[in-house]
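Trainee: What follows is each chain in one-letter form.
2 protein chains.
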Amino acid sequence: MKIVFIGAGNVANHLAKALSQRGFEICQIFSRTEASAKSLAEKINTAYTTHLNQLQRDADVYLYAVSDSALPELIEAVHLPDALHVHTSGSTSIDVFKNAEHCGVLYPLQTFSKNKELNFAEIPVFIEAGSETAKDKIYEIARSLTSKLYFMDSEGRRKLHLSAVFACNFVNHLYEIAGELIQETGLDMQVLRPLIEETAEKIKTLSPREAQTGPAARNDRNIMAEHAKLLKDKRQLAALYELISNDIYFVQESR
Amino acid sequence: MKIVFIGAGNVANHLAKALSQRGFEICQIFSRTEASAKSLAEKINTAYTTHLNQLQRDADVYLYAVSDSALPELIEAVHLPDALHVHTSGSTSIDVFKNAEHCGVLYPLQTFSKNKELNFAEIPVFIEAGSETAKDKIYEIARSLTSKLYFMDSEGRRKLHLSAVFACNFVNHLYEIAGELIQETGLDMQVLRPLIEETAEKIKTLSPREAQTGPAARNDRNIMAEHAKLLKDKRQLAALYELISNDIYFVQESR
Chain P
815 MKIVFIGAGN
825 VANHLAKALS
835 QRGFEICQIF
845 SRTEASAKSL
855 AEKINTAYTT
865 HLNQLQRDAD
875 VYLYAVSDSA
885 LPELIEAVHL
895 PDALHVHTSG
905 STSIDVFKNA
915 EHCGVLYPLQ
925 TFSKNKELNF
935 AEIPVFIEAG
945 SETAKDKIYE
955 IARSLTSKLY
965 FMDSEGRRKL
975 HLSAVFACNF
985 VNHLYEIAGE
995 LIQETGLDMQ
1005 VLRPLIEETA
1015 EKIKTLSPRE
1025 AQTGPAARND
1035 RNIMAEHAKL
1045 LKDKRQLAAL
1055 YELISNDIYF
1065 VQESR
Chain G
815 MKIVFIGAGN
825 VANHLAKALS
835 QRGFEICQIF
845 SRTEASAKSL
855 AEKINTAYTT
865 HLNQLQRDAD
875 VYLYAVSDSA
885 LPELIEAVHL
895 PDALHVHTSG
905 STSIDVFKNA
915 EHCGVLYPLQ
925 TFSKNKELNF
935 AEIPVFIEAG
945 SETAKDKIYE
955 IARSLTSKLY
965 FMDSEGRRKL
975 HLSAVFACNF
985 VNHLYEIAGE
995 LIQETGLDMQ
1005 VLRPLIEETA
1015 EKIKTLSPRE
1025 AQTGPAARND
1035 RNIMAEHAKL
1045 LKDKRQLAAL
1055 YELISNDIYF
1065 VQESR
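Here the protein sequences come in this chain order: P and G.
Quick note: the first sequence uses this note's numbering, first residue 815, plus one each step.
Quick note: the second sequence uses this note's numbering, first residue 815, plus one each step.
Derived from the structure by calculation, the hints contain no laboratory data.
Since no wrong hints were added, every one of them can be taken at face value.
Pairs involving identical chains hold if they fit within one copy or between any two copies, as the list cannot separate such chains.
Straight-line distance between alpha carbons at most 25 Å, and here's what the computed DSS-like set of lysine-lysine pairs gives:
{"hint": "1", "residue 1": "K930", "residue 2": "K1018"}
{"hint": "2", "residue 1": "K1043", "residue 2": "K912"}
{"hint": "3", "residue 1": "K1018", "residue 2": "K831"}
Quick caveat, the model's predicted, so the values are computed rather than measured.
Given the sequences, and given the hints that come with them, work out the whole structure.
Mentor: Below, the structure written as C-alpha cells:
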C-alpha cells in the first residue's frame, strides 16, 4: 500500500514514522513548509514536495494530517477521485470529502509533540469509512498500529475530541497556571510532579468524583476567598477559579 | 517522641501510619467521628478517644490533621501550652496557634485518599516553625518521612496550596468532565488513560506552554464554536470552555 502524507506536523511525524516501521511504503511527504516536509522525509527516507502540482498521483492512500482549518481546501486541491482519502481529525466530519468515493477517518486519541517518542500500540484509534473498500484499507492501516481500535461516526468523534480537549489541552493549561503560581514562591514546577502523577494515577481505581479533595469539595468558603484574593490581578484566573470550584461542589453534592 | 493525632481523615491516616512505621510513638488518635478514630487507632495499634477531655496530656507533639475550618476551635480547646503543636494545612497561617510557644506546620504537598497507598519518600514536605525547639522537632519528624524537605513561610505556603488546587483538584475535575462527555459516546473514561498519562508525562521535558496543542492554541474558531454548541445545556461548561480557551491563546501569544 503506497501512502502519500499531506502535512508534516506533529501527527504526521508520529504516524508516518510508525507506518513506515510497520512496512507501509510512504512514497511522498507534502507540506507547504519546506523545512517540515524535508525533515520528515529524511527521517523515513522518502521524497517530499512543497507544491501540490508535484504530488505523486499513483498512490493508494492520501493521508491528511493537517489543521482542521486547512483540511477542506487541501482535499479540494488534491482531487484524485480513484484513490482513498483519509484524514486524522477529531472534529472534522467525514463529509469534508464530499464526492470522494473512497474516504474515511483515522483518529488517534493522543497528544503528539515532535520530539517526544510514543508507543502507538497503547493509543486508542477511532476509524470511520465512506465505503466498504475504504473500511478494509483503513482497518488494515489502523490495525498495524494498535489493538485498541474502535469504529466511531463523525458525531461521536466530535464528542470524543471535546472530551480530549478537557482531559489534555485544558489539563495542560492548569499545569501552566499551577507552574506560574508556584514560581512566585521561588520553586520550580517540578515540585508538583508527585502531586500531578498521583492525581492522574488515582482515577485508575477511583472515579474523579470519589477522588476529589480540596477546598471546593469541602465548600470551604474562607480558603476560597483567600485564594480569590491571591488571583485578583492575574488575567481571568479568579473567575476561572470560581467557575471550576462551583462546578466541583455541584458535582460532589449531586452524588 | 510521643505524638497525639488530632483528626483521623485521609491526611491523618497516611501520616500516622508513616510515622508509626518510622518508629514514632503515636500514643492516641482523637476524632469526633468514632468510626474514623477507631479505624485508624486499630491500624497502628494505639488508643483513641472522641472526647477532648480524655486527651492524653503528656505527649510531646499534638499533630492536627483536620479541615481548615475546624482547626482554630480545636487548637483553642486542646490548650496544652508546654507541648509542641503542629498543623498540616496548606492555607492556614502559623498564627492560628496564637500564644502557643512551640508551634509549627508540616505540609505535605500531595493528595491523600484513604484506600490508596503512597510512597512518602517521594512527597515534598514544607515546614515552618514558631521557635528553634519547634524547628528541630518538626525537622526530625519531616526528615524521617522524606528527603524533599523545604522551609516555607505561611504566605508562600498559601500560594503553594493554591498552585496545588489547580494542579490537582481542578485537573481532577477536568477528568470528571471529560469522563461525563466520553460516556455520551458509549465509551468508558479509561479510553482516555493514555492521553491523560502522556499529558502528565510531557511536562517532564517540555514546559506546559511548549507542550500545548489543540484548537485553542491554534485559535481554531470553527472547532471552538462546534464545541460550544455541544456544551450548551451542560451546567456552566460552555463558559468554562471559553474562559480556559481564551487563556490558552493568550499564553501562547505572549511567548
